[in-house]
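S.K.: As they're listed, the protein sequences go chains A and B.
So that you can map any letter, position 78 of the first sequence is 78 in UniProt numbering, and since no number is skipped, the others follow by simple counting.
So that you can map any letter, position 123 of the second sequence is 123 in UniProt numbering, and since no number is skipped, the others follow by simple counting.
Honestly, I wouldn't trust all of these hints.
Since the list gives no way to pick out one identical chain from another, each pair is judged satisfied if it fits inside one copy or across any two copies.
[Claimed, not checked] In silico DSS-like cross-links for lysine-lysine, where the CA-CA straight-line distance does not exceed 25 Å: (1) K159 with K110; (2) K110 with K178; (3) K35 with K110; (4) K110 with K33; (5) K39 with K239; (6) K110 with K39; (7) K208 with K246; (8) K39 with K178; (9) K246 with K318; (10) K159 with K208.
Calculated directly from the structure, the hints in this document are not laboratory data.
Protein chains: 2
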Amino acid sequence: MPPSAPPQIPTVQDVAIAAGVSTATVSRCLNEKQKVSLKTRERVMEAVERLGYTPNFNARAMAAKRSHTIGAIIPTMENAIFARGLQAFQETLHQLGYNLLVSSSAYQPKLEAEQIRELVARGAEGLLLIGYERDQAIYDYLDRRSIPTVLAWASSPDKAYPFVGFDNKAAMRGLADKVIEMGHRRIGVISGVIAGNDRAAGRLAGIKESWQSHGFDIENLAIIETPYDIEGGGKAFEKLMAADLKPTVIMCGNDVLATGAISKAREMGLGVPHDVSVTGFDDIELARCVWPPLTTVHVPHRQMGREAANALIDLIEKRSTNISRELDVSIVMRGSLVGL
Amino acid sequence: MPPSAPPQIPTVQDVAIAAGVSTATVSRCLNEKQKVSLKTRERVMEAVERLGYTPNFNARAMAAKRSHTIGAIIPTMENAIFARGLQAFQETLHQLGYNLLVSSSAYQPKLEAEQIRELVARGAEGLLLIGYERDQAIYDYLDRRSIPTVLAWASSPDKAYPFVGFDNKAAMRGLADKVIEMGHRRIGVISGVIAGNDRAAGRLAGIKESWQSHGFDIENLAIIETPYDIEGGGKAFEKLMAADLKPTVIMCGNDVLATGAISKAREMGLGVPHDVSVTGFDDIELARCVWPPLTTVHVPHRQMGREAANALIDLIEKRSTNISRELDVSIVMRGSLVGL
Chain A
1 MPPSAPPQIP TVQDVAIAAG VSTATVSRCL NEKQKVSLKT RERVMEAVER LGYTPNFNAR
61 AMAAKRSHTI GAIIPTMENA IFARGLQAFQ ETLHQLGYNL LVSSSAYQPK LEAEQIRELV
121 ARGAEGLLLI GYERDQAIYD YLDRRSIPTV LAWASSPDKA YPFVGFDNKA AMRGLADKVI
181 EMGHRRIGVI SGVIAGNDRA AGRLAGIKES WQSHGFDIEN LAIIETPYDI EGGGKAFEKL
241 MAADLKPTVI MCGNDVLATG AISKAREMGL GVPHDVSVTG FDDIELARCV WPPLTTVHVP
301 HRQMGREAAN ALIDLIEKRS TNISRELDVS IVMRGSLVGL
Chain B
1 MPPSAPPQIP TVQDVAIAAG VSTATVSRCL NEKQKVSLKT RERVMEAVER LGYTPNFNAR
61 AMAAKRSHTI GAIIPTMENA IFARGLQAFQ ETLHQLGYNL LVSSSAYQPK LEAEQIRELV
121 ARGAEGLLLI GYERDQAIYD YLDRRSIPTV LAWASSPDKA YPFVGFDNKA AMRGLADKVI
181 EMGHRRIGVI SGVIAGNDRA AGRLAGIKES WQSHGFDIEN LAIIETPYDI EGGGKAFEKL
241 MAADLKPTVI MCGNDVLATG AISKAREMGL GVPHDVSVTG FDDIELARCV WPPLTTVHVP
301 HRQMGREAAN ALIDLIEKRS TNISRELDVS IVMRGSLVGL
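Chain A extracted, bound-state conformation:
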């Protein structure tokens, strides 16, 4: 029993009869507006409205051969970094005449794979995915189906897939270089969970690279992995600060973790930055609202969303295949980090 099927779904024929035009005219009104006179279009759209007619996927796809729908899959809706970039992505798509449908994979690769198929099945003409680390079978599937796909929030390391993103490792290495140049020699790291997350892995690798390039032993770097939330940041901070030789700076994989660290520091009666410095990554609004404000890596999330939309539509409309772009990020020095 199909519980959601209404008794009478209006068809294109119903609309044509109501508007006194041919079904071909109805179809043109919906798909190639410029070919129909304004007067006819108004009559047809009035009938569409009144009858509650919705061109279904196949009818529309057959008529126009296009769905004008883009799918995006993000790891979580709960972090402002994706929200902000995606909002800009959608706004740009809308200007270009495309709709956006979003799914969240909860950082589960298997769920992401399901959602990719689901979005393709629902007519997505192109996809935005976050990061590059995923099962080769997914890329093979997208290739076979010829689904234009842009990766964001990372630069694909061998540049094999089109991306609009930035180099997480280089960015975090730049911040770690700065921290070490400011005299810090006892660094605690609160990293996001690395398994299946190339952005988190890249950021941690950047800190390690910087540390080693300054001649220090990797074993002296205290690292805790935790999910990207305030609570995780707080707990990891507490653990790192329980060491005999307390870190003088806590470098965090993102601003959310850093916010958790700062809150916990206050709870523990520790002053940031004078008892311990804290750094973040992303430069979401939170970074300027916590006290002291966070030294962090500024990522142009809205620009990334806009450029990813333009790049994806260029791919879909076959204007260009060479669309990859690495965006500049920058270190923002604020009150949460001081030199020794």
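Based on these hints, arrange chain B on the given structure of chain A.
M.R.: For chain B alone, kept in the frame of chain A given last:
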């Protein structure tokens, strides 16, 4: 020219030939797994995988009469309140065997109307919408198409539509009562934009109701409307504090505005709460991370998401039509508010 159409889309026939079974068996493997032996299913799924076959919407809908897809339209992805509730909504849907597709309307009623049609056209079996204030034509359309719909983040005032939400007006009135009882007589209000936003309107109405019920003149309430962002909150705070008789408390329409107010206070050299108190609404993580932490109204966003998912699926699967639920909210007293 259909640019995104691959040269050869594999069909159900291709899969059947590759797996050496009938097309009916392929269809059963995709839609009624339990009716096919494990061995056959593995063979078919291997062919599905290898050929990159994706059952398209219509074929699947016809075979199974169900899409198991839910659509949600939120005003913005940029506010954590929707993100958090929606993440819980999706997790619960997933447990119930449904997928979620999300669109964001950027607080534009016209865009929301388009997105509702788009989601229905792509096979959404049910919808989650935010608030109740929208064109009657949209409700008529949903009725005609018999699309089960649940409203969240508000309680529909005449209870005409199923909702899982809370009473924004009563909640904010409770906080305003508290503020007035604590001795505040000069209240500045930073409200979200009210046009088309019943939640913002309800919250402002709650403050006005409380103010008048204490015998004060509505004209003595200084109110500024601004978009829900940090910058808007900061600018409005600055304006309100420029009055000859400065407010002793700034009540904000949500935590984001309150965060903007607190940041601006610090910039202006004003101490919160001793120079001026600030209150928020929502109790997102931000509320505990700013300094001082925010007195606010706690809304159970994750619970709302979970219960909305269960309610919507009850409607779709016709288990119950009486699914509306008003959730309890509570006032959380933190350091940003002190008595006079």
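S.K.: Could you run down the list of hints and mark each one as holding or not?
M.R.: Going through the hints against the structure:
{"no.": "1", "hint": "K159 with K110", "result": "within (24 Å within a copy, 40 Å between copies)"}
{"no.": "2", "hint": "K110 with K178", "result": "neither (38 Å within a copy, 48 Å between copies)"}
{"no.": "3", "hint": "K35 with K110", "result": "between (45 Å within a copy, 24 Å between copies)"}
{"no.": "4", "hint": "K110 with K33", "result": "between (41 Å within a copy, 19 Å between copies)"}
{"no.": "5", "hint": "K39 with K239", "result": "neither (71 Å within a copy, 49 Å between copies)"}
{"no.": "6", "hint": "K110 with K39", "result": "between (50 Å within a copy, 22 Å between copies)"}
{"no.": "7", "hint": "K208 with K246", "result": "within (19 Å within a copy, 52 Å between copies)"}
{"no.": "8", "hint": "K39 with K178", "result": "neither (65 Å within a copy, 58 Å between copies)"}
{"no.": "9", "hint": "K246 with K318", "result": "neither (56 Å within a copy, 59 Å between copies)"}
{"no.": "10", "hint": "K159 with K208", "result": "within (23 Å within a copy, 58 Å between copies)"}
Checked against the numbered hints listed earlier, the structure breaks hints 2, 5, 8, 9; every other hint is satisfied.
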